[in-house]
Amino acid sequence: MKYQFEVIPSKCIGCRTCELACAFAHAQNQKPGKSRIYPLAYAPDKYVPVTCLQCDDAACVKSCMFNALRRNEETGAVELDKERCVKCGACVAACPFGCALIDDVHDEIVKCDLCGGSPACAAFCPTKALVYKRV
Amino acid sequence: MRIDSIAKLSQWRQECQAKLAAQKRKVLVCLGPGCLAGGSDEILEEFKRIVAEKKLADISVEAVKKTGCHGFCARGPLVVIEPEGIFYSKVKKANVAEIVETTLEKGKLVEKLLYTDPRTDKTYTDYKEIPFYARQERISLRNVGQIDPDEIGEYVARGGYAALAKVLTEMKPQDVIDAVSQSGLRGRGGGGFPTGRKWATCAREESDIRYVLCNGDEGDPGAFMDRCIMEGDPHSVLEGMIICAYAVGSREGYVYVREEYPLAVINMQKAIDAAHECGLLGANILASGFSYDIKISRGGGAFVCGESSALMRSVAGEVGEPRAKYIRSVVKGLHDKPTVLNNVETYATVPVIMEKGADWFRSIGTEKSTGTKAFSLAGKVRNTGLIEVPMGISLREIIFDIGGGIPDGREFKAVQTGGPSGGCLPADKLDLPVDFDTLTRAGSMMGSGGMIIMDDRTCAVDVARYFLNFLVEESCGKCVPCREGLYQLHKLCVKICEGKATENDLALMERLSKVIQTASLCGLGQSGPNPFVSTVQYFRDEYLAHIRDKKCPAGVCRELITYTINDKCTGCLACIKVCPVDAITGEKKKLHVIDQEACTRCGSCYAVCNFDAVDIV
Amino acid sequence: MVHITINGKVVKAAEGEMLLTVLKREGIDIPALCHHEAIEPTGNCRLCMVEISRAEWEGWKKHVTSCLYPVEDGLIVNTHTPEVIEIRKTIIDLQLANCPDSDVIQKMAEEYGIYKTSYETVPEGDNCIMCYACTRICEVLGKSAISAVMRGHKKVIAPPFGEEPPDCIGCLACAQICPTNVIPWTDTDSTRTIWKKTFDLITCTSCGKAVITKDFAEYLMAQRQIPKEYFETCDECKRMATARKMGEIVTKAQEAAL
Numbered sequence: 001m002k003y004q005f006e007v008i009p010s011k012c013i014g015c016r017t018c019e020l021a022c023a024f025a026h027a028q029n030q031k032p033g034k035s036r037i038y039p040l041a042y043a044p045d046k047y048v049p050v051t052c053l054q055c056d057d058a059a060c061v062k063s064c065m066f067n068a069l070r071r072n073e074e075t076g077a078v079e080l081d082k083e084r085c086v087k088c089g090a091c092v093a094a095c096p097f098g099c100a101l102i103d104d105v106h107d108e109i110v111k112c113d114l115c116g117g118s119p120a121c122a123a124f125c126p127t128k129a130l131v132y133k134r135v
Numbered sequence: 001m002r003i004d005s006i007a008k009l010s011q012w013r014q015e016c017q018a019k020l021a022a023q024k025r026k027v028l029v030c031l032g033p034g035c036l037a038g039g040s041d042e043i044l045e046e047f048k049r050i051v052a053e054k055k056l057a058d059i060s061v062e063a064v065k066k067t068g069c070h071g072f073c074a075r076g077p078l079v080v081i082e083p084e085g086i087f088y089s090k091v092k093k094a095n096v097a098e099i100v101e102t103t104l105e106k107g108k109l110v111e112k113l114l115y116t117d118p119r120t121d122k123t124y125t126d127y128k129e130i131p132f133y134a135r136q137e138r139i140s141l142r143n144v145g146q147i148d149p150d151e152i153g154e155y156v157a158r159g160g161y162a163a164l165a166k167v168l169t170e171m172k173p174q175d176v177i178d179a180v181s182q183s184g185l186r187g188r189g190g191g192g193f194p195t196g197r198k199w200a201t202c203a204r205e206e207s208d209i210r211y212v213l214c215n216g217d218e219g220d221p222g223a224f225m226d227r228c229i230m231e232g233d234p235h236s237v238l239e240g241m242i243i244c245a246y247a248v249g250s251r252e253g254y255v256y257v258r259e260e261y262p263l264a265v266i267n268m269q270k271a272i273d274a275a276h277e278c279g280l281l282g283a284n285i286l287a288s289g290f291s292y293d294i295k296i297s298r299g300g301g302a303f304v305c306g307e308s309s310a311l312m313r314s315v316a317g318e319v320g321e322p323r324a325k326y327i328r329s330v331v332k333g334l335h336d337k338p339t340v341l342n343n344v345e346t347y348a349t350v351p352v353i354m355e356k357g358a359d360w361f362r363s364i365g366t367e368k369s370t371g372t373k374a375f376s377l378a379g380k381v382r383n384t385g386l387i388e389v390p391m392g393i394s395l396r397e398i399i400f401d402i403g404g405g406i407p408d409g410r411e412f413k414a415v416q417t418g419g420p421s422g423g424c425l426p427a428d429k430l431d432l433p434v435d436f437d438t439l440t441r442a443g444s445m446m447g448s449g450g451m452i453i454m455d456d457r458t459c460a461v462d463v464a465r466y467f468l469n470f471l472v473e474e475s476c477g478k479c480v481p482c483r484e485g486l487y488q489l490h491k492l493c494v495k496i497c498e499g500k501a502t503e504n505d506l507a508l509m510e511r512l513s514k515v516i517q518t519a520s521l522c523g524l525g526q527s528g529p530n531p532f533v534s535t536v537q538y539f540r541d542e543y544l545a546h547i548r549d550k551k552c553p554a555g556v557c558r559e560l561i562t563y564t565i566n567d568k569c570t571g572c573l574a575c576i577k578v579c580p581v582d583a584i585t586g587e588k589k590k591l592h593v594i595d596q597e598a599c600t601r602c603g604s605c606y607a608v609c610n611f612d613a614v615d616i617v
Numbered sequence: 001m002v003h004i005t006i007n008g009k010v011v012k013a014a015e016g017e018m019l020l021t022v023l024k025r026e027g028i029d030i031p032a033l034c035h036h037e038a039i040e041p042t043g044n045c046r047l048c049m050v051e052i053s054r055a056e057w058e059g060w061k062k063h064v065t066s067c068l069y070p071v072e073d074g075l076i077v078n079t080h081t082p083e084v085i086e087i088r089k090t091i092i093d094l095q096l097a098n099c100p101d102s103d104v105i106q107k108m109a110e111e112y113g114i115y116k117t118s119y120e121t122v123p124e125g126d127n128c129i130m131c132y133a134c135t136r137i138c139e140v141l142g143k144s145a146i147s148a149v150m151r152g153h154k155k156v157i158a159p160p161f162g163e164e165p166p167d168c169i170g171c172l173a174c175a176q177i178c179p180t181n182v183i184p185w186t187d188t189d190s191t192r193t194i195w196k197k198t199f200d201l202i203t204c205t206s207c208g209k210a211v212i213t214k215d216f217a218e219y220l221m222a223q224r225q226i227p228k229e230y231f232e233t234c235d236e237c238k239r240m241a242t243a244r245k246m247g248e249i250v251t252k253a254q255e256a257a258l
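Protein chains in written order, with this note's numbering: chain A, 1 to 135; chain B, 1 to 617; chain C, 1 to 258.
Because the hints were derived from the structure by calculation, they are not lab data.
Watch out, some of these pointers could steer you wrong.
If the Cβ cut is set under 7 Å, some of the chain B residues that face chain C in the computed set are [stated by the list, open to error]:
| hint | residue |
| --- | --- |
| 1 | GLN269 |
| 2 | LYS337 |
| 3 | TYR466 |
| 4 | PHE470 |
| 5 | GLU473 |
| 6 | LYS478 |
| 7 | CYS479 |
| 8 | VAL480 |
| 9 | GLU484 |
| 10 | GLN488 |
| 11 | VAL494 |
| 12 | ALA507 |
| 13 | LEU508 |
No more than 20 Å apart at the CA atoms, straight line, and that leaves these computed lysine to any residue pairs for SDA-like [what the hints assert, rightly or not]:
| hint | chain 1 | residue 1 | chain 2 | residue 2 |
| --- | --- | --- | --- | --- |
| 14 | A | LYS11 | C | MET246 |
| 15 | B | LYS332 | C | GLU15 |
| 16 | B | LYS514 | C | MET246 |
| 17 | A | LYS46 | A | ILE13 |
| 18 | C | LYS107 | C | THR21 |
| 19 | A | LYS11 | C | GLU15 |
| 20 | A | LYS128 | A | LEU40 |
C-beta: ideal position from N, C-alpha, C; glycine also.
Generate coordinates for the entire structure from the input sequences, incorporating the hints supplied.
Structure (structure tokens):
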């Protein structure tokens, strides 16, 4: 893997800019998509942006019977091939971190794709709690 | 008895021939489909019973034999007495005692059972002289009607398995393919693809397994050639398949027979078992080192399973649906292995070609369509039955000389060749030579060999409607043009028959037909509109009469005709009695009248009237 | 690598690739109802037909379904000839008669300028276009719980004998892939019914929201070795749990630093 996406919860202030950036980065037909990143409060005023960990031995990839989830070796992201996806929901149920989900607006399964190599969330994070870097 | 050498086969043949020669007199009872329906099985039993009882000098019970279809179905049940070839037609069980007494005991003829040609009033004794038989040349049907299909010995006595012996000992696989190619043999199932080229392609393919299949799924209405071969001479099919398997290097194969042919299944199975027992099928055939085995695969009787890719899926146990063939089945067929699929008649022809040579076969027929072709004559023709004629013979010769012309004093209107997806050819095409290419050019096709003859009381639109209905029923339903297109084409055709259509509908049908022909997935769909396309090509006036004048010139389409009674009516009351809706009124010896409001145009009055007093307008 | 000519433009393609894939990549609008990347092409809908020829065919051409036609070097493809358009229009027209209430078909018909079918509306039309996408996707799962039965115009997609399909796991792949959305199913809080078979849904142990059917979860556990506990909570609760877990780690780290 050439790149790594790093989440630094201690820097997260729960501003939810990443969520907005993600939704707009994945807009279709002038409609923002469902965010693939969730800044959640684990304690009062303490946040962690939960998003796909791009697991090495990913449950979502294993659960897909149609081979619609594959790793992009370049960016390190597990990407969803929309042409192959049947929307059966196996990955949604199988992901232990809850990071594959259903976008009701666009009627599709969504998960973090690291924006194809330039993640919008990291670009917009004001505190640099999200970092995408070469390793 | 296991035949494990060529010498043993020759010896066995001599024994079989001697055994047959010892039977001075033979009674051959036709057990073909037509005669069987006429009760010929009972006739056979009756012969056996009486012959056993009488203990005649010249004939034993074994010499009373059942045979496959003799061909002249219109005159069945048929009984032939050999060696004279005395031909008794329309035999009833009650006639058997008389035949035994008069012919077998006294050597005289039962005149009333002999065949008289209604056109010449000439009576024939020997069947070989009857015009129906005299004009034929039988290759694939050589043994059908001549031998007991259950007796492998009779097949062997008539030269059976000699071709196989020759092939296995004297020829290399490539020699066989070359001989078939040189013979010009083309697929008898309808496509007319050169058989030699098919075999060569299969043999060329790199593969550990190859299959040789036989298509016995004859599904065209009115066609029964393959059935008669499988029922009447199953060994010729097996021999052809074994030769093919040797040529292409196959070790196993299937005969695909439709479930509606129970006797064909039984006879083919018996033949397979007998050939197995003699070492002519299975491992190490004739001790040549070559092995090939055949199993029967029974089809559920779907028309589409006659299509090669659907057939192969059905053999493999899948749903019988065609697949798109950008890779041909000869390369990737059954279980995705190279597969030769030929029709029953093609295989039955192969042994003769091997024996007599490619040049001999080429000398029969035309340049591009060599050899002979079997046809089944059905419909409005005197001599319905099974025939085999040299390619290039004219339709007129088949229908009028062999078929005996149109009965009941009616006029010939059209002949449908090639089954439901073939086409109808009118009277001015009667002199066309029957070969693959000419029929295709004329808008029909050779097909598997069904010929349905129609007289002037047949409505072209109604014929199209009938066959479209058949194809709608038999479409597998996989692809849209065939499933929805033929459905709508049939609906529109019904609309014409009912007098509700406009000329726009006719134009729509023609446009739709073109799309179905180009866009359908398999051959069945692509040829699906043919019943309409060929009738509208030759009988457009009739279509327009239905549309513009709301008339059915042939007097068939119910909504467009009326039945009236003319002054030939004698007042016999017959029609009144038969009318199911009491639409006819009248008194004895007075002119009857049909109430047009009540009449359902069922035609019962027309059928029952003995005085030509019912007119159809 | 092979070179083919599409509407006059030379295009590179991988050997053995299906023509439709190449056409789509080139951004050419080809309608296709039975095509889906997750299933093998079968060529049922016939909408993706194009005209092909080769220089050496000397003007001879034929029409093929591009979804099933492997590209080969030197192929000349024309995607919008009058004949091709006529085929597509006729097929859509026929489908419109068969599926008068399908908005997918209606929309497609409008794109081709058909507002009313030229044919008689099929009385028993049920909006199913018989594309086999559902049976094919079920086959991919190794289940084949449903198949096309009967033939011709009477053909329907059904479970064996029209009864509850024993092999169905309630995954909804068939309903989801259906291009005309005609496979109905209903969910309650804890059950799902499809093909007349009712399944128990696994409900989230913390919030009670339905996850997937028990049968589907068991299937994924057996086929793909997904641990059972992954299916016990819903995605939302799993995210929350992840946040807490990460929070714990952060807190611990911060405490250790102090």
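Results for each hint:
no.: 1; hint: GLN269; result: violated, 28 Å
no.: 2; hint: LYS337; result: violated, 19 Å
no.: 3; hint: TYR466; result: violated, 16 Å
no.: 4; hint: PHE470; result: violated, 10 Å
no.: 5; hint: GLU473; result: holds, 6 Å
no.: 6; hint: LYS478; result: holds, 6 Å
no.: 7; hint: CYS479; result: holds, 6 Å
no.: 8; hint: VAL480; result: holds, 5 Å
no.: 9; hint: GLU484; result: holds, 4 Å
no.: 10; hint: GLN488; result: holds, 5 Å
no.: 11; hint: VAL494; result: violated, 10 Å
no.: 12; hint: ALA507; result: violated, 10 Å
no.: 13; hint: LEU508; result: holds, 6 Å
no.: 14; hint: A:LYS11 with C:MET246; result: holds, 13 Å
no.: 15; hint: B:LYS332 with C:GLU15; result: holds, 19 Å
no.: 16; hint: B:LYS514 with C:MET246; result: violated, 67 Å
no.: 17; hint: A:LYS46 with A:ILE13; result: holds, 7 Å
no.: 18; hint: C:LYS107 with C:THR21; result: violated, 23 Å
no.: 19; hint: A:LYS11 with C:GLU15; result: violated, 51 Å
no.: 20; hint: A:LYS128 with A:LEU40; result: holds, 17 Å
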